[in-house]
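Engineer: The primary structure of each chain is shown beneath.
2 protein chains.
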Amino acid sequence: MILYDLVNARKTHFSPNSWRVRMALAHKGLAYEVRDVLFGDIPSINAGGDKLTIPTIAHNGRLVTDSWDIVRYLDETFPQTPRLIAPGADGQVLKFFQYWVQTTIHGGIARMILRDLYDRLDPADQPYFRASREKMYKQTLEALQAGREERVDAFRKSLQPMRLSLGHGPFVCGEQPGYADYLAFGGFQWARISSPFQLLAEDDVVHAWFERCLDLFDGAGRREAPAA
Amino acid sequence: MILYDLVNARKTHFSPNSWRVRMALAHKGLAYEVRDVLFGDIPSINAGGDKLTIPTIAHNGRLVTDSWDIVRYLDETFPQTPRLIAPGADGQVLKFFQYWVQTTIHGGIARMILRDLYDRLDPADQPYFRASREKMYKQTLEALQAGREERVDAFRKSLQPMRLSLGHGPFVCGEQPGYADYLAFGGFQWARISSPFQLLAEDDVVHAWFERCLDLFDGAGRREAPAA
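Protein chains in written order, with our numbering: chain U, -2 to 225; chain R, -2 to 225.
Next up, chain U with everything else stripped away, as it sits in the complex:
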């Protein structure tokens, strides 16, 4: 199994959606090798074929792209490993959680770290990243990130449903972590690796949860160096 994953100039892996898959692979106890890529390398993974995004895995001569589809593929291909996405309604509610992560966690974090992330990219990736993100957000990276000290409280408040969930146990999924935890973890790990900005207050249960997630699987998340 090969995981194609993005790196920045320091060769640290910052993609939030790849961290979901890394945690899913660790949860299942599946071994894999990582191929580091820059944004500019992505088309060459599958030259002439379908458009890929990161994360992509290669397994048994097949390429699977998109974190949700990858985890479903892993569930189906390795049925003896713990399943992460249930079929039917339960899986749809988990998909809602992914949309909540996308809009609330990723959407909120992007507006506080993307300029810092840009600074840490390989210089070859910077022009593409700036152009694509400034088109997406309809403002400069500098304007997007400006005023974050005044906006971070609203971001913290937006995490309230997750905070209430963590009142029941150490993880969103209860006593043991599950895919909802990995979905949320990806966003905070993206921030940890890309920016020194403090997103969470030290006394927030979400902060304690994130530290707990960093320790999972022999500290797999914590081994990736944080932004200096």
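By construction, these hints were calculated from the structure, which means they are not laboratory data.
A portion of the hints provided could be inaccurate.
A pair holds if it fits inside one copy or across any two, identical chains being indistinguishable in the list.
As the list claims (entries may be wrong) - Listed below are the simulated DSSO-like cross-link pairs for lysine-lysine, each with C-alpha atoms no more than 30 Å apart in a straight line:
no.: 1; residue 1: Lys132; residue 2: Lys154
no.: 2; residue 1: Lys135; residue 2: Lys8
no.: 3; residue 1: Lys48; residue 2: Lys132
no.: 4; residue 1: Lys8; residue 2: Lys154
no.: 5; residue 1: Lys25; residue 2: Lys132
no.: 6; residue 1: Lys154; residue 2: Lys135
no.: 7; residue 1: Lys135; residue 2: Lys25
no.: 8; residue 1: Lys8; residue 2: Lys25
no.: 9; residue 1: Lys8; residue 2: Lys132
no.: 10; residue 1: Lys48; residue 2: Lys8
no.: 11; residue 1: Lys25; residue 2: Lys154
The structure displayed is predicted, hence computed values, not measured ones.
With the hints as your guide, set chain R onto chain U.
Structural biologist: What follows is chain R alone, placed relative to chain U:
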């Protein structure tokens, strides 16, 4: 089975958390009788016993209170009916959805309808309702609801993860409705019965979803008269 449920001056049932349970009972095909109560009647349901809230059900000489606990009780007591709350991690993710409904849907709607709801209460309940809610929100009901025309767009935007979920199928739970749908339905039904204010744009997929929910179980939700 008896369901104790709140009524307003027109004897319509407006409790969002009761609507969750009503839909769960209908989903399971379980028959029940309703006992209408005012806020002021709640202590008399269980005089001298534990504090109850609405909804409460009475079944086989037992009182079960709190919508989540009621639905779990129904799942356990009627194992031949479709289960609504999965055990383990899947149930915890559903609980997160309930917290999202509580903070985003109920929290948002309260700030747009509570003065209208107050106007429709039985006069005997109005002093209690005003005092308790004004203490909770630290402002008058009038101030809480003021400016809703300017705030409704932010509320609609806050529903974005649910809107993305509804891109997959007619219900949050997929092709068929499940408890996540009933959790969200309760909030919008609360608003429909308590206030004439238009919360959702006509062309919103969430609006179409709500209309679909009103039609479930032979129009059980739609039969309850909307606020005039």
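Engineer: Does each hint fit the structure? Answer for all of them.
Structural biologist: So, going through the hints one by one against the coordinates:
1. Lys132 <-> Lys154: both (28 Å within a copy, 21 Å between copies)
2. Lys135 <-> Lys8: within (29 Å within a copy, 51 Å between copies)
3. Lys48 <-> Lys132: within (20 Å within a copy, 55 Å between copies)
4. Lys8 <-> Lys154: For Lys8 and Lys154, the Cα distance exceeds 30 Å both inside one copy (33 Å) and across copies (37 Å).
5. Lys25 <-> Lys132: Cα proximity of Lys25 and Lys132: none, with 38 Å in one copy and 49 Å across.
6. Lys154 <-> Lys135: both (25 Å within a copy, 18 Å between copies)
7. Lys135 <-> Lys25: neither (40 Å within a copy, 48 Å between copies)
8. Lys8 <-> Lys25: within (25 Å within a copy, 54 Å between copies)
9. Lys8 <-> Lys132: within (26 Å within a copy, 53 Å between copies)
10. Lys48 <-> Lys8: Within one copy only: 24 Å inside a chain, 58 Å across chains, cut-off 30 Å.
11. Lys25 <-> Lys154: So Lys25 and Lys154 fail the 30 Å test inside a copy (33 Å) and across (36 Å) alike.
Against the hints set out earlier in the document, violations occur for numbers 4, 5, 7, 11.
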